[in-house]
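Peer 1: Sequence:
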Amino acid sequence: MKEPRTPAPTAPRRSDPEPAGDGPDAADGTGAATPRAPRSGVARDRPPRRGAEAPGRVRGVLEFFRQRWTALLSSQRFQRWSAAFPLTRPIALSRSRQVFDICAGFVYSQTLLALIRLDLFDRLARGPVRVPVLAQEFGVPEDRLRRFLGAAVTIRLLRWAGSDGVGLGPLGAPLVGNESVARMVEHNVLLYRDLEDPLALLHGETEEGEGLKGYWPYAGRSDREGLDPDDVAPYSELMAGSQPMVAQEVLDGYDFDDHEHVLDVGGGKGAFLRAVGRRHADLRLTLFDLPPVVEVARRNLDEFPGPDRLSLVGGDFLRDDIPTGADLITLVRILHDHEDEDVVKLLRRIRAVIPPDGTLLVAEPMAGIRGAETVGTAYFALYLMAMGQGRPRTPRELTGLLKEAGFTRIRHPRPRSPVLTSLLIARP
Numbered sequence: 013m014k015e016p017r018t019p020a021p022t023a024p025r026r027s028d029p030e031p032a033g034d035g036p037d038a039a040d041g042t043g044a045a046t047p048r049a050p051r052s053g054v055a056r057d058r059p060p061r062r063g064a065e066a067p068g069r070v071r072g073v074l075e076f077f078r079q080r081w082t083a084l085l086s087s088q089r090f091q092r093w094s095a096a097f098p099l100t101r102p103i104a105l106s107r108s109r110q111v112f113d114i115c116a117g118f119v120y121s122q123t124l125l126a127l128i129r130l131d132l133f134d135r136l137a138r139g140p141v142r143v144p145v146l147a148q149e150f151g152v153p154e155d156r157l158r159r160f161l162g163a164a165v166t167i168r169l170l171r172w173a174g175s176d177g178v179g180l181g182p183l184g185a186p187l188v189g190n191e192s193v194a195r196m197v198e199h200n201v202l203l204y205r206d207l208e209d210p211l212a213l214l215h216g217e218t219e220e221g222e223g224l225k226g227y228w229p230y231a232g233r234s235d236r237e238g239l240d241p242d243d244v245a246p247y248s249e250l251m252a253g254s255q256p257m258v259a260q261e262v263l264d265g266y267d268f269d270d271h272e273h274v275l276d277v278g279g280g281k282g283a284f285l286r287a288v289g290r291r292h293a294d295l296r297l298t299l300f301d302l303p304p305v306v307e308v309a310r311r312n313l314d315e316f317p318g319p320d321r322l323s324l325v326g327g328d329f330l331r332d333d334i335p336t337g338a339d340l341i342t343l344v345r346i347l348h349d350h351e352d353e354d355v356v357k358l359l360r361r362i363r364a365v366i367p368p369d370g371t372l373l374v375a376e377p378m379a380g381i382r383g384a385e386t387v388g389t390a391y392f393a394l395y396l397m398a399m400g401q402g403r404p405r406t407p408r409e410l411t412g413l414l415k416e417a418g419f420t421r422i423r424h425p426r427p428r429s430p431v432l433t434s435l436l437i438a439r440p
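Taking my numbering, the leading residue of the sequence shown gets 13, the next gets one more, and so forth.
Calculated from the structure, these hints are not laboratory results.
Fair warning: this is a prediction, and the values are worked out from it, not measured in the lab.
All C-beta atoms in this analysis are idealised placements derived from N, C-alpha and C, irrespective of residue type, glycine included.
Each hint should be verified, as a subset may be incorrect.
Stated by the list, open to error - Using 16 angstroms as the maximum straight-line C-alpha spacing, the simulated EDC-like pairs for lysine to aspartate or glutamate come out as follows:
1) Lys357 / Glu385
2) Lys357 / Glu416
3) Lys357 / Asp320
4) Lys415 / Asp314
5) Lys415 / Asp332
6) Lys415 / Asp352
As the list claims (entries may be wrong) - So the derived label-pair ranges between C-beta atoms look like this:
7) Gly139 / Pro256: 43 to 49 angstroms
8) Trp172 / Phe76: 34 to 40 angstroms
9) Ala393 / Pro153: 37 to 43 angstroms
10) Arg156 / Gly189: 24 to 30 angstroms
11) Glu198 / Phe97: 19 to 25 angstroms
12) Ala393 / Ser106: 21 to 27 angstroms
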């Protein structure tokens, strides 16, 4: 008689809960699965498998060939050959253009700044306008205006229209009425002061009170109680002005319908909560920020939809008690402003008050996000260095800090627009 067969193990069903950290929502920014811990609490002592050293050897071989290839690319003889050879000429031309674009980046951004200060995007939203008409309106020499317009056409902010007119280009059209982008472009003027001497920034020798440090009221201050509403108003205005696009991305990327009470920690003037309140009329809202910031928000209560369901609480989230009662706590562009020690401290304070079925939602630009590498790893890395504290982190780094603070169920949904923000969703 044949022995009964042992049924083959079946794959988990779609409805089975996905282990934290696995699958497309894995919190590493790539969607790659996170290795699972052994089933037992003690790792077994096993002899190293044959060829276990192979990955290191392969990396060494790959690095050797990368170095050889880099040396070849650095050779002027190879550069001349590749620029002349028909099959490699397009690649060589593309690389040279990319290098030039890096050099010309300041010119491009200042061209954008000029168009914003002239309010030209909104002016052209009604249709193309002849260059002589614009020159007369702006009170500038026509030939100089044509040069600026030509630069804007080249970078696709504008387009030539007819024989003597100019209209919106494919990159300029989305900027019509876009206050968020306009605020950030104006704000870059401060960043450029800090980047004027990049080596001074690298050595931490930038002048106190200049550039971003002078604009950000919290820079270099361990005691924030001495701040008043006038100190925090400019930065709060900037954050509020640049918030609508971020808020829309967060609201589209996470379902707030499952919650009853939202606490926005570090909520500034309340721009994010205003967006939440407009879309979700039944939610109770609480804003928690420094007392002078809350005072600025209080001056704008008439801007809130249903101010009767809004609570404003003043306090320092690194020192004072976090308000209780919310089943959803949000940190929107907060963690990247602080060092790891303060981030863990804040997260632990939130973990202490969040209910067992509550959720923490982190939304900010993150490093290492595919498709947005220049945003987190380049722009915000130097921006926060100029600020004087904080840094952009990868989803995996943030996940580690969340786990250290006591959160266990953490996922990183694939962002719809990683240039604006990425999300991490954490539960106790």
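Peer 1: Has the given pair, lysine 415 with aspartate 352, been kept, meaning a C-alpha gap of at most 16 angstroms?
Peer 2: With a Cα-Cα distance of about 13 angstroms, the restraint between lysine 415 and aspartate 352 holds, given a limit of 16 angstroms.
Peer 1: Lysine 357 and glutamate 385: Cα distance at most 16 angstroms?
Peer 2: violated, 28 angstroms
Peer 1: Does the hinted range 34 to 40 angstroms hold for tryptophan 172 and phenylalanine 76 at CB?
Peer 2: violated, 51 angstroms
Peer 1: Taken at face value, is the distance from the CA of aspartate 314 to the CA of lysine 415 at most 16 angstroms?
Peer 2: violated, 39 angstroms
Peer 1: Take the C-beta atom of glycine 139 and the C-beta atom of proline 256, compute their distance, and say whether it sits inside 43 to 49 angstroms.
Peer 2: violated, 26 angstroms
Peer 1: For a C-alpha distance cap of 16 angstroms, please report whether lysine 357 and aspartate 320 respect it.
Peer 2: It is violated: about 32 angstroms lies between the C-alpha atoms, which goes past 16 angstroms.
Peer 1: Please verify whether lysine 415 and aspartate 332 have alpha carbons no more than 16 angstroms apart.
Peer 2: Outside the cut-off at roughly 22 angstroms; violated.
Peer 1: Is it true that arginine 156 and glycine 189 lie within 24 to 30 angstroms of each other by Cβ?
Peer 2: holds, 27 angstroms
Peer 1: Starting from the range 19 to 25 angstroms, see whether the pair glutamate 198 and phenylalanine 97 falls in it by beta-carbon distance.
Peer 2: With Cβ atoms ~46 angstroms apart, the hint is violated.
Peer 1: Does glutamate 416 lie within 16 angstroms of lysine 357 when you go C-alpha to C-alpha?
Peer 2: holds, 10 angstroms
Peer 1: Does the Cβ-Cβ separation between alanine 393 and serine 106 fall within 21 to 27 angstroms?
Peer 2: Hint holds: Cβ distance 26 angstroms, inside 21 to 27 angstroms.
Peer 1: Could you say whether the range 37 to 43 angstroms given as a hint is met by the Cβ separation of alanine 393 and proline 153?
Peer 2: About 40 angstroms separates the Cβ atoms of alanine 393 and proline 153, which means 37 to 43 angstroms holds.
Hint violations for this structure: numbers 1, 3, 4, 5, 7, 8 and 11, all remaining hints satisfied.
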